[in-house]
Amino acid sequence: MAYPAGFKYTKDHEWIDLSGDRGKVGITDYAQQQLGDVVYVELPEVGAKLKQGQSFGTIESVKAVSELYSPVTGEIVEVNTALKDKPETINSDPHASWMVIIKLTQPAEAGALLDATQYQDLVK
Amino acid sequence: MEQTIAALKKTPLNARHRASGARMVPFAGWDMPVEYSGITAEHLAVRERAGLFDVSHMGEIEIAGKDALAAVQRISSNDASRLAVGQAQYSGLLTPEGTFVDDLLVYRQGPSHFMLVVNAGNIAADYAWIADGIKPAGDAVAVDASSRYALIAIQGPAAQAILQTLTAIDLASIKYYWFTHGEVANVRATVSRTGYTGEDGFEIFVPPQSADKVWLALMQAGEAQGILPCGLGARDTLRLEAGMRLHGNDIDTTTTALEADLGWIVGWKKEDFTGAAALRAQKAAGVTRKIVGFEMLERGIARHGYDAYIGDEKVGVVTSGTQTPYLKKSIGMGYLPAEHTTAGGEFDVDIRGRRTRARIVAMPFYKRKA
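Chains A and B, in that order, give the protein sequences.
Counting from 25, one number per residue, gives the positions in the first sequence under our numbering.
Counting from 5, one number per residue, gives the positions in the second sequence under our numbering.
Think of the hints as simulated: they come from the structure by calculation, not from any bench.
Cβ atoms here follow ideal geometry from the backbone N, Cα and C, with glycine treated the same way.
Take the hints with a grain of salt, since some may be wrong.
Claimed, not checked - Covered by chain B, according to a simulated footprint, are these stretches of chain A (three or more residues, beta-carbon under 8 Å):
1) 85-91
2) 118-125
Unchecked claim - Here are the computed lysine-lysine pairs in the DSSO-like style, where the Cα-Cα straight-line distance is at most 27 Å:
3) Lys332(B) with Lys287(B)
4) Lys108(A) with Lys332(B)
5) Lys108(A) with Lys148(A)
6) Lys148(A) with Lys73(A)
7) Lys108(A) with Lys274(B)
8) Lys110(A) with Lys318(B)
9) Lys333(B) with Lys148(A)
10) Lys14(B) with Lys110(A)
Isolated chain B (complex conformation) (with noise of 0.2 Å):
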């Protein structure tokens, strides 16, 4: 047991939230905060003020060279050759079937510089199968830079007029999916407007040796407009009330992109892209299963791995469930046949022997307001 937390990878604030009492879990390797103040408090903290995360174990993979956007169009999903430099975009890194290696943001740092950032748990894999899959594409190198860069995100309506008091950068002209350099709290930091909290924020790129003075200067100058500190635990039912996937519970090698409903972040003109085969064949033939999102209409929480029922027949699985505190309902993600889809629908979910009434509804569950 003190051997596996030894072994724990910590980020940069790992001290900083242990002395601000956080309650810290293994979490992808990583010794991570779970929670400060509570679920409940600090979710609402994001939907109505602000909420600061440190997403630090996230990892950075850097693809570089003449042909990096031919090597970034190879490996990923989406289509690369839309971003402007300054300017980013969910996509997938897909297996030759169209499952999910992992799922990430691609951002264009200049015309032949891109940045991944990838799941935390990935890393390892990500990179390597990036490092292998891009060989054909030519000129193009990939780094993990996972440990040059401290990742912080500000999330919630107060947002920016919080972060705005730390830097000169313009913040209002940074539109949803852009990002910029400049200085916050007179660290060199990339400010990225993004976030996995269904809500407006930011997330900040540090150096790891300033991430605690950006992250102080960050509580405080927020702490007028009620911020709080957050965990993997708010993190967690923030992104499942806005209907994000969360990579190795709703989506993985075992589900296409297109059963998981994000056939959006396929190019589907682009020329060729691993996996591109497979999902054209499927899109043509149609899905046999699809994700559905879902509300409990009787007490209980479907969790992840819990069976679907329809009548006495075992059709599908959740993926991710949880008690939203912002909506008060029972929600939830999963795998349905496709011809049992539709919003409104009803299934029953064995919870723990007790088979529990569940409804379709449509995602996300939570939508802010323009």
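This is chain A alone, in the form it adopts within the complex (with noise of 0.2 Å):
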């Protein structure tokens, strides 16, 4: 599966996808590779702040549990409660499946994350 262009990455195997000085944010098609059959995903409620690295959430396959960490800082404006019920999109589509709308109030911090070329060659 290709890593979309348009996003940035970490190196724990999240994604954001910027627009403004939003960002929706999930897990690598890599990280759901390795986590197997995703079965739960605990989300944070709108509003939570949160430092850069910080866990805002833990997704829980089959196999284990992992932590989710914020690419960014910044605050919950929105939490995809659809993923509750269908976790396992998160396996069938992951650059697809956000699970949170964060909103940046350190912007700055975007331009150190990986791009996807940067992403692709960490997890070759």
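The task is to assemble the complex, starting from two chains supplied on their own in separate frames and drawing on the hints.
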């Protein structure tokens, strides 16, 4: 699966799709492959404030539980509650399965994240 | 890290797994496939069609000699005198306290020849325990024969039809927990109607050098029925759905056969065996805690080691838990106080700080149609 060129990526295998001062956040195709069948996602409430690298939730597969880390500092403005009932879409379409939308309070952080090419090299 | 990987043991099918694109993980000192196409797909293949497992990491310890039966009777909990030649039984290797050094299958190969199939991580410890334990029995010797066998399991409703195309053995005549010798894909084999999935199927012991040939033949023979190679991940979800205990998770040296609700593998009528006195005393007094099966009433998976609560009181522990691909429920096993083990009773599991409701249900969670 191709990694969208417009996204930014973290070494912890999250992606962020930026639009103005907001960004949709999810996990990468590589991450979902490593996790295997996802059965549960625990996401924060709207209004939660996060620092870059802070855990914003957990994702659970049949095999294991993993933390989800925020790529940037900011505030949760929207949560994809549909994932609660259909967590398996993270496996089938990871780059469309956004989990939260974060309003960035330190937009400069995003510039330091990996681009698609750098991320692809990381997971090669 | 790399040193650790180099030190891992490899089954004769290791290269096959890697060539087939399996995800490999270290398990009990072995480099083993955890999944090929995915736990869910593999699990469903076994429930609905057939799955193929490499379980060559399991150990085989043989006991032979004039007093072999007496030796096996001493060191294993079940009554091996009830086995005919060609029959197998589930049993325990117990401590004097009646707890589990390991669980195992005992195969009666001959009147005075037994084969014990033990868990991969326990082979060395089991062998030492057995060699020491059988000394008083007289003329019997134990041999760790693990390296002489590869073990392939074919499991699922189509297992018999697939395997039958590769052997002259009349598989329909092998009853559950019986075995016979013959050839599979022109390879000398012992074929046993056993498994760890809750499904019908066979376990096939073959010489290590022929394992790949048998594996490929089975994959090819099962292609039309949709056979899938399966890893340890599906093996675990399948055995849990079938209510089967996993040594190291659900039973170990801290849990007795009675607490694990495995009184049926204790030969109560046998004169003496390791653990007998403790188990008889516990049976008379009654257990204070017991294993239960449960399903989660709220989202989340209760995993090994999570605490169980009734109200604010910590009362027990989860020993296994998973989301089952077939029943599509979050289920598990754990130990609770004996007075709180009635089906329908509820308790909470602490899932990473979140109290999550669970209900006790009868095991097995899944039972195949006869």
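The hints, checked one at a time:
Requiring three or more residues with a Cβ within less than 8 Å of a Cβ of chain B, the coverage given for the segment 85-91 of chain A holds, as 3 such residues are present. Closer than 8 Å: that is the beta-carbon criterion, and the segment 118-125 of chain A has 0 residues meeting it against chain B, so the requirement of 3 is violated. With a C-alpha separation of about 36 Å, the suggested pair Lys332(B) and Lys287(B) falls outside the 27 Å cut-off, and the hint is violated. Of the supplied pair hints, the one linking Lys108(A) and Lys332(B) holds, its CA atoms being roughly 15 Å apart against a limit of 27 Å.
With a C-alpha separation of about 31 Å, the suggested pairing of Lys108(A) with Lys148(A) is violated against the 27 Å cut-off. A hinted pair counts as satisfied when its Cα atoms are at most 27 Å apart, and Lys148(A) with Lys73(A) does not qualify at roughly 33 Å. In summary, the hint linking Lys108(A) to Lys274(B) is not supported, as the alpha carbons are separated by about 54 Å, beyond the 27 Å threshold. Of the supplied pair hints, the one linking Lys110(A) and Lys318(B) is violated, its CA atoms being roughly 33 Å apart against a limit of 27 Å.
Taking the CA atoms of Lys333(B) and Lys148(A), the gap is about 35 Å. The hint is violated against a cut of 27 Å. The suggested pairing of Lys14(B) with Lys110(A) is violated, with an alpha-carbon distance near 38 Å, which exceeds 27 Å.
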